[in-house]
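As given, the protein sequences belong to chains R and L, one line each in that order.
Using the numbering used here, count along the first sequence one by one with no gaps and you end on 180.
Using the numbering used here, count along the second sequence one by one with no gaps and you end on 514.
For the record, the hints were derived by calculation from the structure and aren't laboratory data.
Just so it is clear, CB atoms sit at the ideal spot from N, CA and C, and this is done for glycine as well.
Wrong hints could be hidden among the right ones.
Only part of the chain L face toward chain R is listed, based on derived beta-carbon distances under 8 Å [as the list claims (entries may be wrong)]:
1) A362
2) A363
3) G395
4) I405
5) G423
6) R425
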Amino acid sequence: MNVPASWYLILAAVLFGVGAFGFLTRRSAIIMFMCIELMLNAVNLTFVTFARSLSDTFAGIAPVSVPGFMVSQIAGALIALGAAKALFPSKDIA
Amino acid sequence: VIAIAYAWPAVGVFVVATLLILGGAIGVLIYKNPVHAALSLILCLFGVALAFLAQQADFLAAVEIIVYAGAIVVLFLFVIMFLGVDRTDALEGEPLVGQRTFAAIAVSLVVAGVVFLMASSHWVTGVPSVSTGGVPLHTGSGNVRQIGTALYTTYLIAFEVTAALLIISVVGAVNLARKERPRVGESAQ
């Protein structure tokens, strides 16, 4: 018997809070990016937890893994753009 | 007292995942050196992967390790090394007066509100497994096959939109990194 889903949901909420606090207070752009990663991971954890708790078959978890998969792709794209912006700061593109 | 009602391996895995996740996240918050913060982020991501494994999302746990710890944190470290390892983030003093206090109050209000909503409401769910009638999508076992089937049939539009997003971001990154070169026949300005 697994632990109740609410434990994982509360853990994800706290992780999101830590990431949001870091994003609001840290000054280095790279560490702010890392805090965005923390928030994205909290959302992923919420997706997976709901997938586990709201489905009765094993197959139920697979479709709800799709948003998690998408989120990690979006995170990769975001980080690549941020890296390009950090490495070539002279362009006047916001 | 509550923990007795559940099997102790599940509780133990949850406790270990919590320690990894929160320890790593707090490390990202408090380390001045960005390299230490990135290593601490890896710790947090391993904790998240453990939490995925504990909830039977095997494929997503593997993706978490490979993509996040393997690619994204390496990219972070690459940028940090490129810009200079010595740069540290000054933690003393606040750029705005009372910024940390306001951030802490706002964040704890949001988290408390979410947890309160979670505790005081119940989820509306449809009939279980209405799409497949209670049978798995495929008799073949494994997360990967089921995720692939879902991704290429039901969620094809989301998949294609993500592909377009990746292409757009590649073009944007190339455009950001491109240097203006004078064309053939023109003189450099």
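Going through the hints against the structure:
Look at A362(L): its Cβ gets to within about 5 Å of chain R, closer than 8 Å, so that hint holds up. With 8 Å as the threshold, the beta carbon of A363(L) comes within range of chain R, its nearest partner Cβ sitting at about 7 Å, so the hint holds. Annotation: interface hint on G395(L) violated; nearest CB of chain R at approximately 11 Å, more than 8 Å. Taking 8 Å as the C-beta contact cut-off toward chain R, the hint placing I405(L) at the interface holds, the least distance being around 6 Å.
Violation of the interface hint for G423(L) is found here, the shortest Cβ-Cβ separation to chain R being roughly 11 Å, above the 8 Å cut-off. Restraint check, R425(L) versus chain R: the minimum CB separation of about 5 Å is within 8 Å; hint holds.
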